Structure formats: C-alpha cells, structure tokens
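Novice: With the hints as constraints, model all of the structure from the sequences given.
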Amino acid sequence: MARGAGGGEAIMTTQESASRELHAHAAPQGFIRKYVFSLDHKVIGLQYYFLALVAVFTGMFLSLLMRIHLIWPTAVLPLVGEIKPEAYLSLLTMHGTIMVFFVLTTAPQGGFGNYFLPIQIGAPDMAFPVLNMLSFWTTFVGFVVLLAAFFVTGGAPLHGWTGYAPLSALQSSGPGEGAGADLWIISIAIFCIGALMGSLNFITTTLDMRAKGMSMMRMPLTCWAWFITAILGLLAFGVLLSGGILLLMDRNLGSSFFVPLVTINGQLTGHKGGSPLLWQHLFWFFGHPEVYIAILPAMGLASQLLSVFSRKPIFGYKAMVYAMLSIGFLGFMVWGHHMFMSGMSPYSAFAFSLLTMAIGVPSAIKTFNWLGTIMHGRLRFPTPMLFALGFVSLFVTGGISGPFLAQPVLDIFLHETYFVIAHFHLIMGVASIFGIFAATYYWFPKMFGRMMSETLGRWHFWLTFVGAYAVFMPMHYYGMAGGLRRYSQSTEVAYILNLLPLQKFMTFAAFVTISSQFIFLFNLSWSLKYGEKASDNPWEATTLEWTTVTPPPHVNFGGHTPVLHNGPYEYNVPGARRDYVMQTDPEVVKAH
Amino acid sequence: MASFSTTVTVDPSRLSSGDGGTLPPISAGGYGDRPDSDLPDYNTRLRRARIGLLAALTPILMLFVGFTSAYIVRQGLPTLDPQTNTMVRDWIPVKLPILLLFNTCILLFSTVCIEFARRRAKSDALLTFSTAISDGSRADEDKLPWLAITLVLGLCFLSGQGLAWRQLAASGFYVSTTPSSSFVYLLTGAHAIHLAGGILALFAAGLAALLQRSATRRSIVVDVTAWYWHFMTVLWVYILCLMEFAR
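Those protein sequences? They're chains A and B, same order as listed. For the first sequence, this note's numbering gives the first residue as 47, with consecutive numbering after it. For the second sequence, this note's numbering gives the first residue as 1067, with consecutive numbering after it.
Hints in this document: simulated from the structure, not taken from any laboratory. Computed from a predicted structure; not experimentally measured. No residue lacks a Cβ here, since even glycine has one placed at the ideal position from N, Cα and C. Some clues are possibly wrong.
[Unchecked claim] Covered stretches of chain A (chain B as the covering partner; in silico rule of three or more C-beta atoms under 8 angstroms from a C-beta of chain B):
hint, segment
1, 242-251
2, 300-310
3, 321-327
4, 422-433
[As the list claims (entries may be wrong)] A few chain B residues that don't get close to chain A, going by computed Cβ distances all over 10 angstroms:
hint, residue
5, Ile-1117
6, Glu-1181
7, Leu-1276
Specialist: Structure below.
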C-alpha cells in the first residue's frame, strides 16, 4: 500500500480518534455522571464497597436477631416482636444470602478489585467502562430485589442460602416460599448476571491492559487473586444461573426438575420424578468455588501486606501464584463433599474426600510462604498489618477443620451440627472480612487522601479478633457435642439444653463483636473528614497505586502511562538507596 | 472533605514514584510488552473486544453445560408410580417439529451472511485508512447488505422457533407435560433469548452505520457480533442434536 504524506497524517488522525473512543472517556461532569452513573472504575469500586457496607450491617443485624432468638426464644423484641421458628429460618436464609453474595463476593472483588486492579497494572480504566457501570447497578438491583422479599406476603424465604429443593421448589412448602422465594431466586439470578459482567471485565483488563513492562509475573499478588477469582466467577455463576432458571420453572411453570413425587399436608403436589440432589449438584458446583471467590482476594491482599509491612519480598512469589491457580482448579472438583449425607456412592465420596484434602497442599504452601515472608522481617504493625496477620490466623484455624469435614465418616456426624457453621464462618466469613478490613485500612489513604485513626483501628482489630474467636471457637465444641444447626430453638431438647450456657456465651460475644464494628464505622466516617492528611505513599510500598497522586486522578496517572522495571515486592534490596524499590524505578533489581 | 475525587487537577510534578523518585520518561502509553504507540489502535481495540467476547461466551457455555447435565441426569431418573407403587420412567420423548430443521437451515444461512458482513465491515475499516492515500473507490465493491440480511434471517429464526412452540403445544406437549418437553422449551427458549441479544447487537451495528459512526467502531461491533452469532449457531446445532439423539 502506497503511503503519501497526507495519507500518513490521515491514518494517524483516524487511529487517534478511534483510540479516544476506546478509553479516554472524558472526566465526568455533574453529580449524576460523577457519582451515580459513573464510568470511572474508582467510583464504581467505591459504590460496590459502600453497597457491601450496607449489606454487611444488614446481615449482622439479622444474625444478632437469630442469636437472641436462640437463647431467648420467646423474647418480644422492640419493632420486631416475637421471632417465630419460621421467621428464624427466614433470618437464617437472608443472613446467609446477603453475606455470601452481597458482602463476601461484592466487597473484595467488586469494591477493591474495581478500584485497584487497573491502577496496579497501570491501566487508565477497566476494559469496558460501560459494562462496569452496568455490573454495579445490576448488583444493586439484585440487592434491592432480595430485600424486597421481606415485605411481600409470607415474608422472606426459609430454605437457607443453599436453597435446597424441594423446599425451595414448591410455593406451598412454607410461609416464605411464595413470592419471597421467587424474589430470592430472581435476586440471585440478577446478581449472577452482574457478577459475570464484572468478571469478563476483570479478565479482559488483566490480559490486555497491563502497562509496559508489567508481565504477568510482575503483577502484584492482589491482581493475580482478582484475575483468578474472575475466572472462577465466569465458570461458576453460569451454572448457578442454570439451576436458578430450572428452580423458577419448577415453581412457576409446573416442571419437575427438582421435585419428586411429594405430598404437602397429605395432598399430592402434582410434581413427580424430579431430583432434589440434582439441585444440590448444580448448586454446589457453584457453591464450593464461591468459597474461593470470597477468600482468594483476601489471600492476595494478605500476601501484599505481609510483604509491605515485613519489608521483605514475598516468600515464593511463583509458588503463591501456582498455589492460587491450584486452589481455583481443585475448587471445581470437590463440590461433592457438601453432599456426603445424600447417600452418594462410597467410591464417589472417597474421590471427593481425597480431592478435598488435596486442596490442603496449596493452602499449606500459601500459609508457609506467609510465615516465610514475615520471618526475620523488620516488622511494622499498623492496623492493616494486624488485620493481615489476623487473616492468616483465621485462615489456619478455619482451614484446619476442613480436613475433618472432608472425611465422609466424620462428616455424617458433623454435617448437621454447628461444627460446620463454625468452620465456614471462620474460613469463608470472618477471614474474608478481615481481608476487607485490611484492604480498607491499607488503601483508605489512597482512596480518600487521609489516614484512618490508628488508635481506633487497633481497638477495632483486637475487639473483632478476640470477639470472632469467642463466637466461633466454642461453636466447634457445641457442634461436636451434638448442637444442631438450622434448629430455631435449642431449649426443647434436654441434651442440647445442657449446652445453653455455651450458646449464651456465643451470643454475648457476638454482641460485643458486632458492637465493635461501630468503632470501624465511626473511624471510617471521622477519618474521611478529620483524618491526618496522607502522603502519596504512606506505607512506603512499591506497587503502582503508590506512584500516582492521592486520590488518583481521572484515568489514574494524569495522562501518563507508567513503565515497569521491577517486580512488585522489591524490599530490602541489597545496594538500593532505600529499603524499597518502586516498580517504576529504573534502578536495576536482580531477581531475588 | 475527602470525597470520591476522581477528577482532581493533576500537577504532573506531583506524580512521583513513592517519595522522591520520579517516573521514568514516558515515551508511550502502549500496553503490555508491545511496541510503543500513542494510544490503543484498531487492532488493539479489536483484540480487546474479542477477549471480552471470549470471556462472555464462557458463562453462556457453562449455562448450557448446566442444562445438559440436568438433562442427562433427569432423563435417567425413575419415579414412583403411586398407582402401582413401582418405580417407572416418566421421560416421554418429544417428537420434535420438522420446522426446527427448517429453522436450523435459516440459522446456518444467517451465519454465512454475517461472516460476509464481518469481512465487509473489516475491509471498510481498513479502507478508512487507505482512503487517505487512494481515491477511496473499491473495485470489488460488494453491494449486498449482509448485515440486514442476517438481521432478517435472525428474526425469521426466532419467529420459526415461536411457531415450533405452537406446534408442540398443538400436539399436546406443554412445559409441564413431561420432563423432556420441559427441556425442549427450556433449551430452545434459553437459546432464543441469547440469539435475541445478537439481534440487538445487529441493530446497534446497523444504527452505527446509519448514524455514520466510524467504520472502525462499526467493524468491531460487527466482528464480535459475528463471532457471537457463529457461537449461537454451533450451540443451536448442539441443542438440536441433544434433543434429537439423546431422547
């Protein structure tokens, strides 16, 4: 193709205009475009974060009601009245659903991932900003639809966050199983669509928008965690969506995918031939990877913080990456361990059991690498580091009970007990939430330009850390002693009645732990306005977000695009002029 | 007050690498380890859109994997017959309307058409670059409106699927009649909804042409829509085979 001078100019013009279309969306003007329907990944990240904050306080409030009911089943509460057993089940369902979907999935990935992934890889924004905005608003609508279930006839559903059929598949199976259950399923479906839009954005952004010099193996482990989490989301949420559609059809169109021949109050339901286990397979194919969707971002963050505050490179960067990949891969092969009670073939149970225990290997690699990172480090203990260490502690404590539950023989006894509640609350719930807290304290200065109060942060950490253990450690014993989960009242059975003091202790501990979250809320609000002004790099960290101004401008780097020269964890580098070398620093760093 | 300040005025001198160091000279904003360029070009945008599409197709695939596993499991399940108190199979195979074959031909033809549309849009985009150095004429100018033809064929396919549903209902097969009919409605319906998404994208591409949007932008929309359409075609053939041969 011949190219004349004028032609060359035209080509440049066309290329430039095409490029502008892609990314340089103008800085938003006006309140609505700036803060509501914003295309900026940072605003969207904050929207996700604050949505999760509302959700977590809602979920905690519901858990408090449950705990009050467990020890004072006939108490009449102000505004709420007496909690009936079916209302207890509704609280249980909504608490689990809100926490799993709208807190543990939303804050680490949607919140911090959205805000910091593009900055940490040196991109001006997410790959598809409009889709990014849509994914948040879809999630928001999902949350509103879920809460609406409280206000329809019959109230919220009572089938648990796992939505087991046939309870969830029949409108007449309970008071909340009418419109409330429909709204629950629709909410989950909407959430899945939002999460899928987010996931494809994360994957495309990571693969295609890394700055010059940012090879995959130079990405911070947070980015790896968000990337792997997005892949898990793509593979898992589609299957949950398929199950949800089948469930809706069973409920509203008369099909029988999950409902066998069954009677309610002596009347045949008209369904036959369906399999409740089919729902369990579809649900847990999503449900187990969901555990890693919740915790992988926290793992990435813990790796980041332990390195920053130990002033040491992360121990075994590649091993950490491969461990996360292995955890993600194995996470799709172990869903059957949630179904040992279903009467599955012992051979299947054996295979699921072995694969489940195999996840212990990459998990142990991560744990030992974290310990290796802090060992002989010059440790600093600001609040984010405390929460990162708290995460490791909770991850180990919650994880160690996993191999017990992975044994079919033990699981048959423990499955219906509080032991399971204790296990997954520690590993999936509290550990992930410690990750969220660590991320908040660590990135607050970058997001808002001010430091959070250290004094309040420490109070918050110790009360939450001790409180979480006080709630969930006794719960293991309560479960081993035969304390049954899903039962609304434990005062009717003699042997469980003997355990009531333990139940009371857990409830009081929950009161204290939940109350201490208001310290966090106060610290967050107070620091927004009165916190000490933060410098651009208050933690002396090396990754890209600390190279830009605080708070980061539109398109993140003020029109510049960073060029990377180093890995993300260059601390205590021999011969360097200070104890850390920024990723953008041209100073040559030998891999070590 | 600290706020979501995402549009602060940037003083380039404040952009530092931590505390004191300066950013390396920025020669370009290129992404990854690719050669320098000022901003992402057409190929970059196309690649990005294709990666996004590939990622978007994954959950759709998983959705139908979920349906398929449910299909296979449900097909093999016995159920209790309360009259005889014995376990029987309640899976009654549905005789699929012949119309579905006709619809399949329409979809296959449409996928060929959209491929022509894709190639045409791509050459239009490339032509945008070359018009600056030639007179802009095309010797082999292709006058056929492939995009519009695909759109019409897509609508015909959806209408045909609706007619097939009516035929199924006329022969006594409703959603709740038998598990196999539930799956026929489910699979055809889920596929139709996804194809309707492709039709919306075709409308968007057509609208971009009408509004004289840039050829590169149109080309990217048509390209990802075409690959999506091809995927939908393959998916439909798979669904048809599943319903016909795994009865």
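Novice: Now look at each hint and say whether the structure bears it out.
Specialist: How the hints compare with the structure:
1. 242-251: Coverage by chain B holds here, the residue count being 6 at a Cβ distance below 8 angstroms.
2. 300-310: holds (count 6)
3. 321-327: holds (count 3)
4. 422-433: Per the Cβ count (0), the hint is violated.
5. Ile-1117: 5 angstroms, violated
6. Glu-1181: 23 angstroms, holds
7. Leu-1276: 18 angstroms, holds
The structure fails to meet hints 4 and 5 from the earlier list, while all remaining hints are met.
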